[in-house]
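Assemble chain U onto chain S, guided by the hints.
Protein chains: 2
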Amino acid sequence: MREALVAAAFRLFLERGYEETTVDDIVALAGVGRRSFFRYFPSKEDVVFPDHERCLADMTAFLAASPADVEPVRRVCDAARLVLRMYAENPSFSVQRYRLTKRVPGLRAYELSVVWRYERALAAYLRDRFAGRPDGTLRADVIAAAVVAAHNNALRAWLRSDGVDDAGAAVDHALGYVQSAFGAGLPAPPPAPAVPDAEDVVVVVTRRDAPLWRVVQELESALGRA
Amino acid sequence: MREALVAAAFRLFLERGYEETTVDDIVALAGVGRRSFFRYFPSKEDVVFPDHERCLADMTAFLAASPADVEPVRRVCDAARLVLRMYAENPSFSVQRYRLTKRVPGLRAYELSVVWRYERALAAYLRDRFAGRPDGTLRADVIAAAVVAAHNNALRAWLRSDGVDDAGAAVDHALGYVQSAFGAGLPAPPPAPAVPDAEDVVVVVTRRDAPLWRVVQELESALGRA
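Quick note, the sequences are listed as chains S and U, same order.
Taken in order, the first sequence gives residues 1 to 226; the numbers are from UniProt numbering.
Taken in order, the second sequence gives residues 1 to 226; the numbers are from UniProt numbering.
Treat identical chains as interchangeable: a pair holds within one or across any two.
Restricting the straight-line Cα-Cα distance to at most 25 Å, the calculated cross-link-like pairs of lysine to aspartate or glutamate (DMTMM-like) are: (1) K102 / D128; (2) K102 / D25; (3) K44 / D58; (4) K102 / E15.
Calculated directly from the structure, the hints in this document are not laboratory data.
The shape of chain S in the complex, shown without the other chains (with noise of 0.2 Å):
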């Protein structure tokens, strides 16, 4: 019934129009009443966005399960890249989506309005994990929107590409991004040997009037961590 609402909304929204649709004209085609559209649906623009409360609903249960002792910046990446599965699971019906979307500013706000649930959600976590810290919510709000960023960067191409690209790799490869930028933003790891082997010394030289960034490729690569 949820799927026969939502095939035949989307039917009628590529073939007239999303603002010439009406709910009674979307219950019409699907062969039910309203009240069924509304037991499904608060709204029309709910209907354009219909795994939007589940997804979100999963990623608050994935960041409630967190072992204690994750990285909680890679557990936000992997917690964006439930909503990337989301997308990937029905490549077709996600790209007419995006298209639709593009084109209609209602949906587009709405849109906007999940984007800063699942931004929440990822920063309510992080602030949690950071507590007690120096700028722990700075950080939390920076990481959470960052990683949002990044992962729509990557979802917005791979919808242009008519779901056609690999999804995966570009949000890992974006994801990546911004684990490097706030490596500086994690907590600190459990200590190291006190008394490092002579082969876990690494030596860099540097001019005083160096690029800090052209230091740290330096040090990546010399940790071979590049």
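This is chain U only, laid out in the frame that chain S set:
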């Protein structure tokens, strides 16, 4: 006239509530006709945020007038400060609006769309500056989102303090965090001198398993930039 309409609207919003106040109530209190209201404001929501259009235009002009050699992350941070300045110009009005916006979902949605437009203005400038670089649009989108999140984290803290705290210092601190995180996202600075003096050489010795952020801390202090 415009200011009188805003003042009348806020008096009624605070006395009766936002939803309970009509445009007719506002124009009656201000002593003008409905047509005057709509000459200044497309809708009742717009009277709540009377200065965002001007501020968006100021931000766009500021970014368009950027010198070619300005460091781009610093430039978008300075652009974000224009928003803070607008709020700080009139603390009591900003605090009243903050309380109102928190209570009315429609205004919250409106605010999200405004925030999104600021973020896109910053991202458009960065995309242009990063054009042709690897991951240029990804970096632009992530940095724009991080700048907006940091600005808003400090702005909200100031609004919650009833406009009493030092808004400028809080925003500077928040934006400084973003600038430090995205140092590696900057375009290459002008080339350094080819033959460094011995004085200008820094040697850092680290364990291979040292966390990168800890090494960067050491480096920053060795380079005299901490």
